[in-house]
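We have chain A; now place chain B onto it with these hints.
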Amino acid sequence: MIYNFFYSITGSLLIADIIQSLLPLFIFILPFALFAVWLERKVSAHMQDRLGPMRVGSHGWLQTIADIMKLVQKEDIVATENDKPLFNIAPVLVFVGTYAAFAAIPFSSAYIGSNIDLGIFFIIAVSGFVVAGILMAGWSSNNKYSLLGAMRSAAQIISYEIPTILVIITIIMITGTLNLNTLSEMQTGHFWNWMILGGPQLGIVKFLLIPFMIIGFVIIYISTLAEVNRTPFDIPEAESELVSGYHTEYTGMKFAMFFLAEYANMFAVSAIVTVLFFGGYQSPIGYLGNLLHLKWLIPIEQLFWFTTKGIFFVFVQMWLRWTLPRLRVDQLMAACWKYLIPIAFVNLIIIGLITLL
Amino acid sequence: MALKTEQMILNMGPQHPATHGVLRLELELEGEIIQSVQPHIGYLHRCFEKHAEAMTYPQVIPYVDRMDYLASMYNEFGYVIGVEKLLGIQVPERVEYIRVIMGELQRIASHLVAIGTYGMDIGAFTPFLYCFRDREKILSLFEMTCGARLLYNYFWVGGLSHDLHPDFVRSAKEFVKYFRPNIKELNDLLTNNRIFIDRTANVGVLPLETAINYGITGPNLRGSGFKWDLRKDDPYSIYNKFDFDIPTGQGLVGTVGDCWDRYYVRIQEMEQSLRIIEQALDQLPDGDVTSAIPKRVKPPIGQVYSRVENPKGELGYFIISDGSVNPFRIKVRGPSFVHLGVMNEICKGHMVADVIAILGSIDIVLGEVDR
Numbered sequence: 001m002i003y004n005f006f007y008s009i010t011g012s013l014l015i016a017d018i019i020q021s022l023l024p025l026f027i028f029i030l031p032f033a034l035f036a037v038w039l040e041r042k043v044s045a046h047m048q049d050r051l052g053p054m055r056v057g058s059h060g061w062l063q064t065i066a067d068i069m070k071l072v073q074k075e076d077i078v079a080t081e082n083d084k085p086l087f088n089i090a091p092v093l094v095f096v097g098t099y100a101a102f103a104a105i106p107f108s109s110a111y112i113g114s115n116i117d118l119g120i121f122f123i124i125a126v127s128g129f130v131v132a133g134i135l136m137a138g139w140s141s142n143n144k145y146s147l148l149g150a151m152r153s154a155a156q157i158i159s160y161e162i163p164t165i166l167v168i169i170t171i172i173m174i175t176g177t178l179n180l181n182t183l184s185e186m187q188t189g190h191f192w193n194w195m196i197l198g199g200p201q202l203g204i205v206k207f208l209l210i211p212f213m214i215i216g217f218v219i220i221y222i223s224t225l226a227e228v229n230r231t232p233f234d235i236p237e238a239e240s241e242l243v244s245g246y247h248t249e250y251t252g253m254k255f256a257m258f259f260l261a262e263y264a265n266m267f268a269v270s271a272i273v274t275v276l277f278f279g280g281y282q283s284p285i286g287y288l289g290n291l292l293h294l295k296w297l298i299p300i301e302q303l304f305w306f307t308t309k310g311i312f313f314v315f316v317q318m319w320l321r322w323t324l325p326r327l328r329v330d331q332l333m334a335a336c337w338k339y340l341i342p343i344a345f346v347n348l349i350i351i352g353l354i355t356l357l
Numbered sequence: 358m359a360l361k362t363e364q365m366i367l368n369m370g371p372q373h374p375a376t377h378g379v380l381r382l383e384l385e386l387e388g389e390i391i392q393s394v395q396p397h398i399g400y401l402h403r404c405f406e407k408h409a410e411a412m413t414y415p416q417v418i419p420y421v422d423r424m425d426y427l428a429s430m431y432n433e434f435g436y437v438i439g440v441e442k443l444l445g446i447q448v449p450e451r452v453e454y455i456r457v458i459m460g461e462l463q464r465i466a467s468h469l470v471a472i473g474t475y476g477m478d479i480g481a482f483t484p485f486l487y488c489f490r491d492r493e494k495i496l497s498l499f500e501m502t503c504g505a506r507l508l509y510n511y512f513w514v515g516g517l518s519h520d521l522h523p524d525f526v527r528s529a530k531e532f533v534k535y536f537r538p539n540i541k542e543l544n545d546l547l548t549n550n551r552i553f554i555d556r557t558a559n560v561g562v563l564p565l566e567t568a569i570n571y572g573i574t575g576p577n578l579r580g581s582g583f584k585w586d587l588r589k590d591d592p593y594s595i596y597n598k599f600d601f602d603i604p605t606g607q608g609l610v611g612t613v614g615d616c617w618d619r620y621y622v623r624i625q626e627m628e629q630s631l632r633i634i635e636q637a638l639d640q641l642p643d644g645d646v647t648s649a650i651p652k653r654v655k656p657p658i659g660q661v662y663s664r665v666e667n668p669k670g671e672l673g674y675f676i677i678s679d680g681s682v683n684p685f686r687i688k689v690r691g692p693s694f695v696h697l698g699v700m701n702e703i704c705k706g707h708m709v710a711d712v713i714a715i716l717g718s719i720d721i722v723l724g725e726v727d728r
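As given, the protein sequences belong to chains A and B, one line each in that order.
Residue 327 in this note's numbering is what sits at position 327 of the first sequence, and the numbering runs on without skipping anything.
If you want this note's numbering, it's the position in the second sequence, counting the first as 1, plus 357.
Hints in this document: simulated from the structure, not taken from any laboratory.
Just so you know, not all the hints are guaranteed correct.
Simulated crosslink set (EDC-like; lysine to aspartate or glutamate; CA at most 16 Å straight-line) [to be verified]: (1) LYS534(B) - ASP639(B); (2) LYS144(A) - ASP639(B); (3) LYS144(A) - GLU389(B).
One-sided excerpt, in silico: chain A residues whose CB lies under 7 Å from chain B [unchecked claim]: (4) ARG55; (5) GLY176; (6) LEU324.
Just so you know, even glycine gets a beta-carbon here, dropped at the ideal spot from N, CA and C.
Next comes chain A alone, as it looks inside the complex (with noise of 0.2 Å):
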């Protein structure tokens, strides 16, 4: 809707390409990772009695554009040690992997980065880019913190993908499709029709998958914890042993590079839950524009529902780091291939027998 838009004012296929690709990036992930800095320090404050920041703006709200104004101007340091080409296009790589999985992040039914029918596919391939780019990072620091924290980011993103596309298959065995819109589209109408509550069909196909969608939901917040990095998986950063691991030796704005795909991961991470089990943009409880008949309004209304179910998510990760300790790296393995994995087989086993149903 949006591209067709643009195409009609310039009427050039590549400048609407263009714009269609960085609206996300401009709109959406800039802002809303300058927000998710400034909420998690506040969040963090208040769980722990303290204000957080209250100088810059009201309640501190300029505080993370004080930050980035300070990190765009510092010196960029490039030890002599250093791998110099591997070490500055890992903070590049990092960002383009999370950059490019908002491409078919579907914000609501006017807006999709590329409505592309292998949509969740292309963002679980297109996240693979992070690790390459973590690994990278740590190899070139030439710092044995930063190699050690790769090495174990590396491993707990690669194993953790796997209980995660575990449930995703579950998904895709219910409702037979890839493309994240189709998926919104299918979930329209209230609540119940939310695929954690079984999705749109009707009948005791229902009520039996409601219990084995829960399953998979918390096995895939869990998995995205790890994929993200987040406590108590942050084992890669985990500041009092790696100091913090794999971006230890990134000053300036490649260190705010790294930040920012940290905190676009969460969203997008958050996002894939929320299409996957929470409705994507659908409205909980019906749309005002359908009241109103106004039909601009309700792709508007989408983007709201969208947006908060995302940071609601987004939330629960912030409370959770502020709340817990942090696992062991073999802990942290055996949670993911003794528990996650055989609990996500046999749910993706009886999900599949149900659906036969």
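Just chain B now, kept in the frame of chain A:
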């Protein structure tokens, strides 16, 4: 052809978020498995013992504060008891009571730092700030008493620098009432947390025999299951007048002597310290706290070894007097220094992350290791 492999040497510290001050640990790693740990100390060495030889006896007290800066009151406690023994002074009863109250408040403050930073080492940042919030209240009590918040110079040879603030007893009772529920909160947040237990139970097990061989004392020894507390076993001051228990490690979630046990002993000790403070506040007699302070501290020729149960373990002072106003020699037996020695023994075969957990659980303060 076999590949040439070598072990990785990782220098942890001196600038590292988890070394509790300036400590360098030389880790020899096989992958992430520890082969050996070699602590390198001395970054905070301030020649305390040598300095003391050029000072008069009362002038040493501020230096004593700066050893274990998280338990300054207790450092003074051990030192003044030693000098008083040399001089043969009997201090007024009120002084003894106030010393016990301050000492136990200090124990809670020190344990709060130990527990808070331990949580942070394991990755839980929030309990750390909760602990510091409560420690702040204790520091305010100290500030109310002597004006200082960290380095007090409050215990003097033969007495105290000031009497208590008129409001102190009420504030201290309020604190006790306020703090009790917070221990429970800490238990909910950390002690019984599944992840915390996974990280600390069966990790860094310190068997009782090893502990005794290495001269481990304090909560670390008690964590290994041995009931040894100088407050009961070699009573000094007026500790024999109070009713309190000595918690020991029971291996409730793992093996006796693991990190969790050492941690939990500290939690329980805070409870016991509260009991002592309550009793002392109720029995607090009247009197003049400065009456027994000698005009000139000039002990006769002789030597004395005084030891107290510091929050970290047995803190001993060996003081030799040559009859002048300056001590001939002061030798400190610091618990942190002794405890650091056992690192290599209990870290072997664990992972890098466990080194942090173990180092946090033996609770050292580098100010006292290096002196």
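> Looking back at the hints listed earlier, which ones does the structure fail to meet?
Replying inline: Checked against the structure, the hints that fail are numbers 2, 4 and 5, while the rest are satisfied.
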